[in-house]
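J.: Using the sequences and the hints given, assemble the complete structure.
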Amino acid sequence: MSRWAVWAPLAIFSILVGFFFKGLTLDPGAQPSALIGKPVPPFQLTDLHTGKVLTRQTLPARPFLLNVWASWCITCQVEHPYLTELSDRLPIVGLNYKDSETAAKNWLAKLGDPYATQIFDPSGRLGLDLGVAGAPETFLVDSSGVIQLRIQGEVNDRVYQRQIRPLLETLK
Amino acid sequence: MIPEIGHFALVLSFAVSICLATFPLYGYFTRQQGFLATAQPLTLLQGFTLAVSFGVLIYGFLTHDFTIKYVADNSNLDLPWYFRMSAVWGAHEGSLLLWVLILSLWGVAVALFSRGIPVHMSALVLAVMGIIGAGFLAFMLFTSNPFVRILPFAPPNGADLNPLLQDPGLIFHPPMLYMGYVGLSVAFAFAMASLISGELNSMWARWSRPWTTVAWAFLTLGIALGSWWAYYELGWGGWWFWDPVENASLIPWLVATALMHSLAVTEKRGLFRSWTLLLAIAAFSLSLLGTFLVRSGVLTSVHAFANDPERGVFILGFLVAVIGGSLTLYAVRASKVSESGEFGWISRESFLLFNNLILTVMAVSVLLGTLYPLLVDAMGGGKVSVGAPFFNAVFVPLTAILVSGMAFGPLSKWRQADDPRLYRPLIVTMIVSVVVGLVWPTTLGGEYSIATAFGVTIALWLAIATAVDFVNKARSFGGIRRTFARVERGMIGMWFAHLGVAIVIFGVVMVENHTEHRDLRMGVGDRQQLGSYEVRMTDLSVLRGPNYVADQATFEIYRGDRLYKTVSPQKRRYNASGMVMTEASIDSGFTRDLYIAMGEPLDGGDWAVRLSVKPFVDWIWAGAFLMGLGGFISVTDKRYRQRAVEKQPESCVEGAKA
Chain A
211 MSRWAVWAPL
221 AIFSILVGFF
231 FKGLTLDPGA
241 QPSALIGKPV
251 PPFQLTDLHT
261 GKVLTRQTLP
271 ARPFLLNVWA
281 SWCITCQVEH
291 PYLTELSDRL
301 PIVGLNYKDS
311 ETAAKNWLAK
321 LGDPYATQIF
331 DPSGRLGLDL
341 GVAGAPETFL
351 VDSSGVIQLR
361 IQGEVNDRVY
371 QRQIRPLLET
381 LK
Chain B
73 MIPEIGHFAL
83 VLSFAVSICL
93 ATFPLYGYFT
103 RQQGFLATAQ
113 PLTLLQGFTL
123 AVSFGVLIYG
133 FLTHDFTIKY
143 VADNSNLDLP
153 WYFRMSAVWG
163 AHEGSLLLWV
173 LILSLWGVAV
183 ALFSRGIPVH
193 MSALVLAVMG
203 IIGAGFLAFM
213 LFTSNPFVRI
223 LPFAPPNGAD
233 LNPLLQDPGL
243 IFHPPMLYMG
253 YVGLSVAFAF
263 AMASLISGEL
273 NSMWARWSRP
283 WTTVAWAFLT
293 LGIALGSWWA
303 YYELGWGGWW
313 FWDPVENASL
323 IPWLVATALM
333 HSLAVTEKRG
343 LFRSWTLLLA
353 IAAFSLSLLG
363 TFLVRSGVLT
373 SVHAFANDPE
383 RGVFILGFLV
393 AVIGGSLTLY
403 AVRASKVSES
413 GEFGWISRES
423 FLLFNNLILT
433 VMAVSVLLGT
443 LYPLLVDAMG
453 GGKVSVGAPF
463 FNAVFVPLTA
473 ILVSGMAFGP
483 LSKWRQADDP
493 RLYRPLIVTM
503 IVSVVVGLVW
513 PTTLGGEYSI
523 ATAFGVTIAL
533 WLAIATAVDF
543 VNKARSFGGI
553 RRTFARVERG
563 MIGMWFAHLG
573 VAIVIFGVVM
583 VENHTEHRDL
593 RMGVGDRQQL
603 GSYEVRMTDL
613 SVLRGPNYVA
623 DQATFEIYRG
633 DRLYKTVSPQ
643 KRRYNASGMV
653 MTEASIDSGF
663 TRDLYIAMGE
673 PLDGGDWAVR
683 LSVKPFVDWI
693 WAGAFLMGLG
703 GFISVTDKRY
713 RQRAVEKQPE
723 SCVEGAKA
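These protein sequence lines are chains A and B, in that order. According to my numbering, the first sequence holds residues 211 to 382 in order. According to my numbering, the second sequence holds residues 73 to 730 in order.
Where hints are given, some of them may not hold.
Unchecked claim - DEER-style ranges, computed between Cβ atoms: (1) B:E628 with A:E379: 39 to 49 Å; (2) A:A326 with B:G397: 40 to 50 Å; (3) B:A87 with A:E295: 42 to 52 Å; (4) B:G676 with A:A313: 12 to 22 Å; (5) A:L321 with B:G397: 51 to 61 Å; (6) A:P249 with B:I503: 49 to 59 Å; (7) A:K262 with B:F225: 44 to 54 Å; (8) B:G310 with A:L381: 31 to 41 Å; (9) A:Y292 with B:L674: 31 to 41 Å; (10) B:G310 with A:K262: 31 to 41 Å; (11) A:K232 with B:F225: 37 to 47 Å; (12) A:A313 with B:P152: 26 to 36 Å; (13) A:A218 with B:V83: 47 to 57 Å; (14) B:M157 with A:I284: 42 to 52 Å.
Unchecked claim - Far from chain B, by Cβ distances over 12 Å, these chain A residues were calculated: (15) V216; (16) A221; (17) D257; (18) H259; (19) V263; (20) S353; (21) I357; (22) E364.
Keep in mind the hints are simulated off the structure, nothing from the lab. Here the structure is a predicted model, which means the values were calculated and not measured. Think of the CB as a built atom: it goes at the ideal place given N, C-alpha and C, for glycine as much as any other residue.
T.: Following this line, the structure appears as structure tokens:
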């Protein structure tokens, strides 16, 4: 092999290392979502508490969080106190995902209910349309019902400060 | 107290590996035999201390020692004993320990079976493996120690093993895969040893060939097991997802396959020397890269059980040291390799060159597809994902080209330009396979599939071409039994492996193009037609397992009026983690699998149910198994056994018989 060609593998590897290093500093939790920039998919489900029919049109007309949760999900319990804290700052719509009515109601009765409305989705149909991989997941939706951000896993202060708040400020 | 023994053994093995990484090298450069000679005992000691450490962790799991954080995080009082065993490698820390243990066992094997190799060479090989071991042990001790304790308030019960991993598949998949990944370190170490010593002849190729083949065989089986596990456990019914972690094992496999073939050329003909060195470095480097991708969370995937950026920085640093160092050494030394010897443009050398070229292109495209999202993200382009369409578009045509080469290759001869008459049998087999391939889809009913016709044609062509090669050999040896007794085992291994490839391709083509798949709503008493079967749901019940609660549906499968089988898939909710898992029920058969899985509960007590008939899906794993078997057969070749015999005069008689 020629004197210069033998250095090519090292050069290629060095470039890759640069990218890897950059990659480490990026947040892998920020999942790509085909739905970002698209409106919340149409749905027709009931309110967990009142049994009233909820649709896309009944969603809040200001930026809000759509939080996918279930009583069987441990992480949902973990993020619950923080969501309660957040609910003073912006409305949170709950999407009770693949859950039973009694379990969900008991859970809220026990831990408190920070949700403005509670969409009851026992079959996970809306969850499926949203591309939910598991609970918890949280979407930031703007005043016209367009999804701006998707967070998989726990919402905590770090996530709020780094991801939600900057976007929220541009929406207001 | 016991966990401290494990921890202490781990620290000790770190100290040993540092000695192993330095003493033999020091001995080599200062020409002191005493230091060179430490390589073997240090390797054995490292193996021993790691085995102790591993044993202690297993003991901790078996005795529910929840004072060990790792045990508390990954086990549970209700977990059956066999899953407590496999839970040892069910998460990050323990799987690293398994990784290092396997590395040291490969080292022990090299130390014990390298009697025919010059002392300085085997010492250098063991030292290189010691460097890798030291790096991983440091990583473990400083960032991921499995023996961290929760004291004084140990939890009364553990958090349970990830339910995805509570499956017999997990007992074997990681150890097999690691045997493969880590086994490639041997070829790497041989390549490095010859670069360090500057003895760049083809001897290193001869020495490292059997190791590479064994590692490749393990890797093949490990990947196949993983794919099988995903098929029946992830509950999706797919067999390959082009998931980053799957790709991370496929890329080293492709390179290792290339390496195996190019080692043959280097050993037999002394050609492609610097290329083979580069492949040996690349194969192991890509295994390390795979570890980095899985463990650092740089890429997210279904396998991302454990990711943590701090660990990522550490592994990246280690990667830079090992891969960067080896590539630098390569660059400095390889330019001095003189390539001599010529070969005709249609000869075995050129077919193997072709094989290497295609396999490398495949590996690079899978690598690019896997890293592309990361590259775009790093350049500020946001998160994108590269899906199956890209990989299929690249992989399918390349496989077809590769296979056509595989049909010709074994018939070719070394060195000279071949007599075209050699390939005459292939024309006949080509015609036969095209005819059968074109007719085959018409027997399946439904719409005629050109993809199937094409796929079956190449699979059949490869199978027949392999058979033709076998028949040719059998004719010259005079009989099938004598062929198997006399012919090189490497040849037999190749027949098995190539036939395995043909079988895999056939399985893939059939399952991808002719799977019958329905998602339905079903309740008790409902009937559905599925292919030639009728599926009836007869019962829905709730079942309590050792550590989960399951909804179970019972289905009766009828063939005509006769009850063929009763199956009961489940949807489980694991108590400790609350995770929901699908246990599909699969009726495996020679020509098809019946796949029934429960989806979601619907209102009114019905369930969404997924029914599929997957034709020839088991052929994929059967073919892969044949490939692995071929690898193991080829290392039983006489010449690998003979070298050990030369050094053991007392076993001469036995050797002569063999």
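J.: Does each hint fit the structure? Answer for all of them.
T.: How the hints compare with the structure:
{"no.": "1", "hint": "B:E628 with A:E379: 39 to 49 Å", "result": "violated (60 Å)"}
{"no.": "2", "hint": "A:A326 with B:G397: 40 to 50 Å", "result": "violated (58 Å)"}
{"no.": "3", "hint": "B:A87 with A:E295: 42 to 52 Å", "result": "holds (49 Å)"}
{"no.": "4", "hint": "B:G676 with A:A313: 12 to 22 Å", "result": "holds (19 Å)"}
{"no.": "5", "hint": "A:L321 with B:G397: 51 to 61 Å", "result": "holds (54 Å)"}
{"no.": "6", "hint": "A:P249 with B:I503: 49 to 59 Å", "result": "holds (58 Å)"}
{"no.": "7", "hint": "A:K262 with B:F225: 44 to 54 Å", "result": "holds (47 Å)"}
{"no.": "8", "hint": "B:G310 with A:L381: 31 to 41 Å", "result": "holds (39 Å)"}
{"no.": "9", "hint": "A:Y292 with B:L674: 31 to 41 Å", "result": "holds (33 Å)"}
{"no.": "10", "hint": "B:G310 with A:K262: 31 to 41 Å", "result": "holds (40 Å)"}
{"no.": "11", "hint": "A:K232 with B:F225: 37 to 47 Å", "result": "holds (41 Å)"}
{"no.": "12", "hint": "A:A313 with B:P152: 26 to 36 Å", "result": "holds (28 Å)"}
{"no.": "13", "hint": "A:A218 with B:V83: 47 to 57 Å", "result": "violated (41 Å)"}
{"no.": "14", "hint": "B:M157 with A:I284: 42 to 52 Å", "result": "violated (25 Å)"}
{"no.": "15", "hint": "V216", "result": "violated (5 Å)"}
{"no.": "16", "hint": "A221", "result": "violated (9 Å)"}
{"no.": "17", "hint": "D257", "result": "holds (16 Å)"}
{"no.": "18", "hint": "H259", "result": "holds (18 Å)"}
{"no.": "19", "hint": "V263", "result": "holds (15 Å)"}
{"no.": "20", "hint": "S353", "result": "holds (23 Å)"}
{"no.": "21", "hint": "I357", "result": "holds (14 Å)"}
{"no.": "22", "hint": "E364", "result": "holds (14 Å)"}
Checked against the numbered hints given earlier, the structure breaks hints 1, 2, 13, 14, 15 and 16 and satisfies all the rest.
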